[in-house]
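There are 2 protein chains.
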Amino acid sequence: MKILAILYHGHKAAEEEPRLLGTVENKLGLEDWLKSQGHELIVSASKEGPDSDFQKHIVDAEILITTPFHPGYLTRSIMEKAKNLKLCVTAGVGSDHIDLNAAVDHGIQVLEVSGSNVVSVAEHVVMSILLLVRNFVPAHEMIERGDWQVSDIARDAYDLEGKVVGTIGAGRIGYRVLQRLVPFNTKELLYYDYAPLPASAAEAVKARRVEDLKDFVSQCDVITVNCPLHEGTRGLVNAELLKHCKKGAWIVNTARGAICDKDAIAAALKSGQISGYSGDVWNVQPAPKDHVWRTMKNPLGAGNGMVPHYSGTTLDAQARYAAGVRSILENYLSGKPQDSANIIVGLGKYETKAYGQR
Amino acid sequence: MKILAILYHGHKAAEEEPRLLGTVENKLGLEDWLKSQGHELIVSASKEGPDSDFQKHIVDAEILITTPFHPGYLTRSIMEKAKNLKLCVTAGVGSDHIDLNAAVDHGIQVLEVSGSNVVSVAEHVVMSILLLVRNFVPAHEMIERGDWQVSDIARDAYDLEGKVVGTIGAGRIGYRVLQRLVPFNTKELLYYDYAPLPASAAEAVKARRVEDLKDFVSQCDVITVNCPLHEGTRGLVNAELLKHCKKGAWIVNTARGAICDKDAIAAALKSGQISGYSGDVWNVQPAPKDHVWRTMKNPLGAGNGMVPHYSGTTLDAQARYAAGVRSILENYLSGKPQDSANIIVGLGKYETKAYGQR
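Sequence order for the protein chains is H and U. Okay, so the first sequence: first residue is 1 according to my numbering, each after it adds one. Okay, so the second sequence: first residue is 1 according to my numbering, each after it adds one.
Note that these hints are calculated values from the structure, not bench results. Each residue gets a CB set at the ideal place from its N, CA and C atoms; glycine is no exception. Misleading hints may appear alongside valid ones.
[Said to hold, decoys possible] Computed, partial: chain U to chain H, Cβ under 10 Å:
| hint | residue |
| --- | --- |
| 1 | Gln55 |
| 2 | Asp60 |
| 3 | Val104 |
| 4 | Asp105 |
| 5 | Asn117 |
| 6 | Ser151 |
| 7 | Asp159 |
| 8 | Leu213 |
| 9 | Asn283 |
| 10 | Lys289 |
| 11 | Val307 |
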């Protein structure tokens with residue numbers, strides 16, 4: 001059996017740090033085990049264009065392993081060439097780089113390691129909220145360049161206490177964000193989701209649901225995006241919605257870049273309609289060198305907390321999703337049933353509502 | 001009555017942002033009120049050397065107002081020239097820039113606005129822990145300079161979940177840090193303090209006291225310093241203690257710079273004995289341009305989260321400590337008793353144990 005894995009390059013870092021499992025070099029720790037079973041494992045970072053290893057090897061692979069951090073985009077047309085493909089495994093959470101409708105049509109199963117990095121991402125969200133609200137980046141840059149002017153930092157620094165924080169999406173990540181915010185004495189925690197939280201879960205974090213999205217954003221000092229990317233959420237945070245935000249709101253998006261409109265976000269930050277934007281997800285990954293989100297700032301020269309897509313690929317998370325991928329492969333190879341929480345697309349049908357299929 | 005306030009310059013920022021109350025320009029919002037009462041208010045940022053406004057005006061001032069962010073250092077010898085001085089008010093928390101023993105001897109009262117910015121600082125601590133553990137700074141700098149190499153960031157990025165976090169000092173700030181860490185599912189929360197927490201308080205955050213400091217640091221993945229600076233804590237975190245830390249520990253210090261030995265910290269970070277150091281306090285403030293803490297890094301070129309001293313001077317905190325200073329002045333001018341929580345040195349004696357007087 002041929003198994004194709006599209007992972008990111010680790011180069012020297014991966015040689016020096018064996019815990020960087022999710023790299024081309026360290027192959028999710030699967031190589032010896034799969035070889036011993038007589039299977040072929042092809043691992044590459046080459047993923048763009050018809051001459052890429054991705055498109056070359058997908059034609060006869062039975063299993064495709066990808067990650068959200070360096071996504072191999074499995075389109076319907078590529079899928080049509082993949083005559084042997086039976087299973088796609090996402091090492092991590094978020095399978096929007098796969099055309100899920102096409103997977104349903106082709107009888108290709110799509111699985112994620114669903115719990116593997118939700119805590120990692122939720123921690124990144126809380127960090128990002130704090131560093132925007134408290135104006136960390138310009139403060140650190142001031143120190144690095146040898147300056148010291150407290151008032152230039154303090155004029156745009158606030159406490160999180162007493163602010164209203166709302167999450168778009170209160171699923172596995174969004175809910176963990178709410179849990180971590182409880183002791184910060186926010187004025188209120190809000191959520192927007194297609195379904196209400198169970199009453200006990202909502203009560204545990206004292207979060208209030210707002211059903212209308214414009215109404216929701218108009219009440220938030222901080223908005224955090226924690227929903228999957230699908231047809232219903234692409235461009236959800238756009239120029240029109242941003243007009244309804246409180247002036248000076250902060251936005252954190254570690255879900256998927258394309259949920260927020262690239263140019264609308266940059267314009268809103270530049271004008272001061274929002275005070276900050278932070279996150280690790282981009283509409284294209286790797287982001288081009290001239291991507292406006294790399295350097296956009298608010299009128300005070302602050303408010304950018306962007307990083308490459310890594311919040312869910314900490315060394316702790318890599319250990320968990322590498323183990324999760326192996327477990328999914330073991331089930332597949334031995335014909336055991338998969339953990340239902342991991343199944344996005346089962347045999348010919350969606351098994352989750354998370355990707356907009358209600 | 002002459003009142004002298006040593007504050008930091010706000011320049012253009014203070015003109016544009018009236019909520020920057022703690023600046024020379026905005027005078028803690030006290031000017032009109034004090035003038036209307038017939039008092040003289042002198043406000044300046046000039047604080048170093050015999051020709052400074054501080055030393056010029058201290059000789060006949062009855063009240064001195066200072067802040068920890070731009071400290072006017074009130075030594076015993078300066079106090080001896082201050083024949084009229086009756087009251088020192090710290091706009092914020094932390095009065096180590098005043099020789100408290102000398103204040104006792106001279107019958108000068110020292111008061112702080114004790115609750116005014118403890119939440120602000122506690123939030124900064126949690127932010128700093130997250131950004132060190134999760135390796136934020138190099139990730140953001142990578143984006144700014146146009147690069148994208150996830151593995152170079154991920155190799156030094158971890159989750160806070162499952163780590164051991166300990167606070168040196170579990171007082172008003174340290175305890176609030178512990179409270180905010182509870183939902184992060186750390187492996188354990190520890191504290192080191194001269195007195196145990198009340199049982200109910202310890203139970204509420206599930207924190208365990210470790211009585212020996214070396215034993216304490218040897219158990220911590222993350223150490224956060226939240227104690228006052230006094231004779232017993234100056235240089236507490238020194239080369240000898242750092243040897244007892246877990247290799248690769250992270251240290252966050254928003255208490256006072258001089259609690260950590262400057263050169264020992266820089267050496268431990270450079271060698272990798274500690275993985276990161278973050279905070280907003282320095283042994284001298286403003287920090288000199290060539291201060292080693294501005295640019296020190298771990299062997300992977302990461303681990304520096306330093307900022308100027310501003311964690312307790314967010315706009316939210318400034319509103320609280322400006323109101324608190326006014327309240328202390330009102331009590332003084334009208335002969336009313338002060339809030340006991342604000343009194344560091346009363347008439348000829350210490351009113352707190354926090355500064356090492358047990």
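Here's how the hints hold up against the structure:
With a cut of 10 Å, the hint placing Gln55(U) at the interface with chain H is violated, because the nearest CB-to-CB distance is about 22 Å. With its C-beta approaching chain H no nearer than about 29 Å, Asp60(U) sits outside the 10 Å limit, and its interface hint is violated. A distance limit of 10 Å between C-beta atoms decides the matter here; for Val104(U) the minimum to chain H is near 30 Å, and the interface restraint is violated. For Asp105(U), the interface hint is violated, since its Cβ never comes within 10 Å of a Cβ in chain H; the closest pair sits about 32 Å apart.
Annotation: Asn117(U) was flagged as interfacial toward chain H, and the flag holds, the nearest CB pair being 9 Å apart, inside 10 Å. A cut of 10 Å between beta carbons decides the hint on Ser151(U): the least distance to chain H is about 4 Å, and the hint holds. Hint status for Asp159(U): holds, given a least beta-carbon distance of 4 Å to chain H, under 10 Å. Given hint, Leu213(U) at the interface with chain H, is violated; its Cβ is 27 Å from that chain's nearest Cβ, farther than 10 Å.
Of the supplied interface hints, the one on Asn283(U) is violated, with its beta-carbon coming no nearer than about 14 Å to a beta-carbon of chain H, more than 10 Å. With a least beta-carbon distance of about 4 Å to chain H, the hint placing Lys289(U) at the interface is held under the 10 Å criterion. Among the interface hints, the one on Val307(U) holds; its C-beta lies about 4 Å from the nearest C-beta in chain H, closer than the 10 Å criterion.
Going down the numbered hints, you'll see the structure goes against 1, 2, 3, 4, 8 and 9, while the others check out.
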